[in-house]
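Please construct the entire structure, taking both the sequences and the accompanying hints into account.
Each chain, written out:
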Amino acid sequence: MTILETERLTRAYGGVIAVNNVDFQVEGGLITGLIGPNGAGKTTLFNNMTGLDTPSSGKVRFMGKDITGYPAHKICRLGIARTFQNIRLFKDLTVAENVMIGRHFKTGKDETKGRFLNALKSYIHLKEEENAIYDKALQWLDFFDMHSYRSELARNLPYGKQRELEIARALATDPQLLFLDEPAAGMNPQETEHLIRIIRKIRELGITVVLIEHDMRLVMNICDSITVLNYGEKLAEGTPTEIKNNPLVIEAYLGRDE
Amino acid sequence: MLNFFLLILIYSGIYALMALGQNVITGYGGMLSLTQAGFFAIGSYATAILSTRFGFSFWATLPPAALLSALCGLLIGLPTLRLKGDYLAIATLGFGEIVRNVLNNWDSLTRGPMGIQKIPMPTIFGFVINPYTKYSFLVMVVIFVAIAYVLFQRLARSRMGRALAAIREDEIAAEAMGINITKYKVYAFILGASVAGIAGSLQAVFTLSVTPGTYTFMVSVMVLCMVVLGGMGNFKASILGAFIIQLISYFPQLTGLTSVIPPQFKQILFGLILVVMMIWRPQGLLGREEIRYGNEEGEKA
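Chains as they are written, first to last, in the working numbering: chain A, 1 to 258; chain B, 1001 to 1301.
Keep in mind that the hints were calculated from the coordinates and are not lab data. These figures come from a predicted structure and were not determined experimentally. Among the clues, some could well be false.
Label-pair restraints from in silico Cβ distances [claimed, not checked]:
hint, chain 1, residue 1, chain 2, residue 2, range
1, B, 1132, A, 91, 46 to 54 Å
2, A, 66, B, 1083, 48 to 56 Å
3, B, 1263, A, 158, 49 to 57 Å
4, B, 1288, A, 74, 26 to 34 Å
5, B, 1262, A, 125, 50 to 58 Å
6, B, 1071, A, 125, 26 to 34 Å
7, B, 1112, A, 121, 42 to 50 Å
8, A, 251, B, 1083, 56 to 64 Å
9, B, 1280, A, 193, 44 to 52 Å
10, B, 1106, A, 74, 40 to 48 Å
11, B, 1288, A, 247, 54 to 62 Å
Think of the CB as a built atom: it goes at the ideal place given N, C-alpha and C, for glycine as much as any other residue.
See the structure below:
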């Protein structure tokens, strides 16, 4: 089942067309790779799907619902979480607090009661509520074997751990769909190994993953399906084997053999 | 002498209320706002006008004073909150000046530069809280500060405090984590404004007269200094900062050196303190407050 799709999505900045008429589909439960040379429009496409940018034209649909132009916080609440290419952690907060912020909109709400009663209730039961959020955050840290880092400031983590913490924070929002923007950038081979295991574990949780990545070993290794962008347009899509043997893709990456 | 020290304590309390509000906006939300003088003035005038013209008791003027300030906080907050850093400071600075100019020129309501005198003293169960004898007034101010402190402290330790911290650290990431950043910024502004409005009400019944000259830009700067000096993101520190700044500003009178030290001396001292603090201890005297979660177990790990 397609859980997210874009329809003729275009994003132009003045005369520069960063994404041009892209139809992109994400199948539920799978890992989809989004690859392409630098400047192909991968991150722009991500931003347009997650509400950080608004398409110039075209549509984004999530679970059949048109979410084009929704603000980012609303899209996150619908179940789409993301990480960033250049890590955006809350650097001066602790590791646990970073993950707790991911729980923000999951708490303090009880649909049977009104706003005021909810506020009053969480005010009175502040300690219990906070401890529950903290425990939940620790569960996600355990998932990444990062329990021992919980009281460190995020800025003091090693680079690879910072990338993982960003994923943990995104997962804390209980997403159905997770966007990872170059999760392995700057990681050493062992860290990348660990990351591959984690992404597989995330899929086992039933969370759909879409990732932008330049590390072809990682992409070919874990993706079920791959879409290739070049100069803002969709160049190809298919299984890793199909993509590997697609002459257009080879040309885009390596140039034509004269 | 003791009387004079009581006066300093009362002013410390009134300014501490404003500093607590400023700390929510600047210390937690990371927004450099210079509006506290404006909200302070609105609170003062609300109390002054309602009690002299409409016969409200002091206590009855508090909710309208806080609400009116909060409403102005909302009105100034919505358009300016897309601005950041210096730009927000300049826009909010403008608001404070607008308030003062309106008070200065709306003669029919505020009596302009003449101000409003003969504000009735607050009473409680028939007991008059007399600002001249100061003791009872000090008790009242301390109670107000204590209530505001407890409320803010709890708020800061809740998901709202964390949301504001996230916004301060990285707005885009906060937004992507499902936090409605506009909403929380406006909340912070409204809270800061309403508590400054209450401080204004106290000021009105302490001096028993209000004139626009009291609510200058200098007030906003002093409040910001208190927060920075004490430590951003720490409510205890804001109260401490308020006390220290008040102590400094009355230093010449306190030491009886008014003939030797010119009154402008305090501005020089403020500047000096800020420069020294920024170089040696930018986090303020007490620094940001850390929050501990869960049970203490395992914190050593």
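- Query: Is the hinted range of 48 to 56 Å satisfied by the C-beta distance from residue 66/A to residue 1083/B?
  - Reply: violated, 32 Å
- Do residue 1132/B and residue 91/A keep their Cβ atoms within the hinted range of 46 to 54 Å? holds, 52 Å
- Query: CB of residue 1280/B to CB of residue 193/A, is that within 44 to 52 Å?
  - Reply: holds, 46 Å
- Query: Holds or violated: 26 to 34 Å for the Cβ distance of residue 1288/B and residue 74/A?
  - Reply: 31 Å Cβ-Cβ, so the 26 to 34 Å window holds.
- Could one say that the CB atoms of residue 1071/B and residue 125/A fall in the range 26 to 34 Å? Since residue 1071/B and residue 125/A have Cβ atoms about 30 Å apart, the given range 26 to 34 Å holds.
- Holds or violated: 40 to 48 Å for the Cβ distance of residue 1106/B and residue 74/A? For residue 74/A against residue 1106/B, whose Cβ atoms are near 42 Å apart, the range 40 to 48 Å holds.
- Message: Quick check: does the Cβ-Cβ distance between residue 1288/B and residue 247/A fall within 54 to 62 Å?
- Response: Taking Cβ atoms as reference, residue 1288/B and residue 247/A lie about 57 Å apart, which means the hint holds.
- Query: Is the gap between the beta carbons of residue 251/A and residue 1083/B within 56 to 64 Å?
  - Reply: violated, 47 Å
- Confirm or reject the claim that residue 1112/B and residue 121/A have a C-beta distance inside 42 to 50 Å. For residue 121/A against residue 1112/B, whose Cβ atoms are near 48 Å apart, the range 42 to 50 Å holds.
- For the range 49 to 57 Å, tell me whether the beta carbons of residue 1263/B and residue 158/A fit it or not. Holds, since residue 1263/B and residue 158/A (Cβ atoms, about 55 Å apart) stay within the stated range.
- Message: 50 to 58 Å was suggested as the range; check whether the CB atoms of residue 1262/B and residue 125/A agree with it.
- Response: holds, 55 Å
Of the numbered hints stated above, those contradicted by the structure are hints 2, 8, listed in ascending order.
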